[in-house]
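Participant: One letter stands for each residue in the lines below.
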Amino acid sequence: MADTATPLVEMRNIEKFYGRIHALRNVNLTIRHGEIVGLLGDNGAGKSTLIKVLSGAVPYTSGEILMNGKPLTLRSTNDAIDAGIETIYQDSALVPQLSIARNLFLGRELRKGPGFLDRMDQERMNSVARDLLKRVGISKNIPPTTPIGSLSGGERQAVAIARAMYFDSELIILDEPTNNLGVAETQGVLRFVRDARNSGHSCIFIAHNIHHVFQVVDRMVVMRRGEVVADDLSPKTSSIQDVEDIITGEHIAA
Amino acid sequence: MTDSNTTEAPAAPPRPTGVVRLLIAMPEFGPLVLLVVMLVVFTSINPAFLSLTNISNALTFTVELGLIALAMTLLMTSGEFDLSVGSVFGFTPVVMWTLFNTGSMSLFPAFVIALVVAIAIGAFSGLFVTRLGIPSFLVTLGMLLMVRGSALWLTSGFPQRTWDAGEQWLAEVLVGDFYIGGLRVYMSLIWFILIALAFHYLLTRSRFGNWIQATGGNPGAARNRGVPIRKVKLILFMLTSAMAGLAGIISSIRVSAANPNSGMGYELEVIAMVVIGGTVLTGGRGTIIGTVLGVLILRLMRNGIVLIGVPGLAYNIFIGAIILGMMALHAALEKRHNEGV
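So the sequences go chain by chain: D and R.
Our numbering numbers the first residue of the first sequence as 6 and each following residue consecutively.
Our numbering numbers the first residue of the second sequence as 4 and each following residue consecutively.
Chain D on its own, in the form it takes in the complex:
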């Protein structure tokens, strides 16, 4: 499945300082095409910082990022979105007051009508949203004009993932997508992630729950104290216990 020629994203020797705090130490991370990578680590290990760097939300101190072999400059989240990197944060992905369709197209609204008096093409946005909801497997009849606020947590994740897929993001970063979700909802989200990979998207999957990670990823990367301490763990060959030991640093003590 993986396109072996050039990796999708390569982060090389990334360093990040917050003042005197060394948040990322010489981080190297490679994401291949069509691959789901689990990013694991305890609180404060640097996962969030790494993701923020890759999504353009915070500048990095030094290092370089390549996408499809070409250097990538990330000055803002817009740069990342334009390059095809879509980050789905847990609490700041969707606007609860707006409808599903308006959320899907937020910042990239379809418009019609003459220049100054142009308006959103709500019919087209709604019909695209309806198709998309069907495609990501929300088969129940939810009108695309429903506000996000009245959807369940799993449905919201589905909408956010659907948005990333619709806009052809090559890399979808999911920040704790299964937090606070029930069992059935979690399975739904994991299925969306697999569907996203099967349609050619790469994913970085961040979760505290290692069981969820094991169900869906091709490879696991573990961070500790700002460093990548393992980047080739496979759910097929490693056990959950092995991974937990690496996260906590027990394997060094042992």
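Mixed in with the good hints there might be a few duds.
Unchecked claim - Here are the simulated DSS-like cross-link-like pairs (lysine-lysine), alpha carbons at most 27 Å apart as the crow flies:
| hint | chain 1 | residue 1 | chain 2 | residue 2 |
| --- | --- | --- | --- | --- |
| 1 | R | Lys234 | D | Lys57 |
| 2 | D | Lys139 | D | Lys117 |
| 3 | R | Lys234 | D | Lys117 |
| 4 | D | Lys75 | D | Lys57 |
Read the hints as simulated data drawn from the structure, not as lab findings.
Using the hints, position chain R against chain D.
Facilitator: Relative to the frame of chain D, chain R by itself:
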């Protein structure tokens, strides 16, 4: 656990059906009912309430605050508000008439400069809020004092005469009147209607309207989607200030005086109109239709309670009660909404 393909998508809460439930769910529903009840009660006690003269008078005074309320609706939907509108309402006409009366320029350039000053005040507040991250309550409170102080200092506290306005075309365009049948209609009412329609279109149909709602609803998400939330807020601060200035100028021509003290307390009355209409103080949800209803409710209440013989001084008791009642209603509806009932 691996056989997830058979797992159904998560269960959705039941959704409201039926026209009545949809109607009740609309934020404009509460204020609409209140307005109808008021009209019925006041008219049944004193039929003069619905007379053409009375309606015409009530509408005239309505629009000056209403113009500010329209812009404030957009600003509050984006999650901010502006306490300095009353001061700008007093200050802008003072600037315009001072420029005109000293003979330094004719009325139209003075009008333009005064509005630019108003917009600059809004821009200043907006930059403070968006760049320094200071809450709009504090920024615009400071602005309220600075602008009011400037108006008083500039005029030494004396009103500026505006009676030379009579022959000016600008005065006719802003506050001229004409009759439709027996109803005396002021130009300011036409402006109010046009601007209300434009803002409603802007908020509900345009891309910028989507950005306004997103900025107030979840600023983080809006920013992540590439919405320029600072720019959105800045533009709305400038718009609100411009409308406050315009309203002040209209008022100064109508009452033939630019009083540096005018507009005191208007900021709170305007915010009351907006929240009674169903716009949320914390942002994300706003309605121009609701604000128009809120404007009418407050103005007709002021007018009606006098006509039915309640002492005018008791006006604020009713307004306060209406605000509290409306907030309770909106909170109850919001709770129902969030529970997916």
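Participant: Hint by hint, note whether the structure agrees.
Facilitator: Here is what the structure says about each hint:
no., hint, result
1, R:Lys234 - D:Lys57, "holds (23 Å)"
2, D:Lys139 - D:Lys117, "holds (25 Å)"
3, R:Lys234 - D:Lys117, "holds (23 Å)"
4, D:Lys75 - D:Lys57, "holds (20 Å)"
When each numbered hint is compared with the structure, no violation occurs for any of them.
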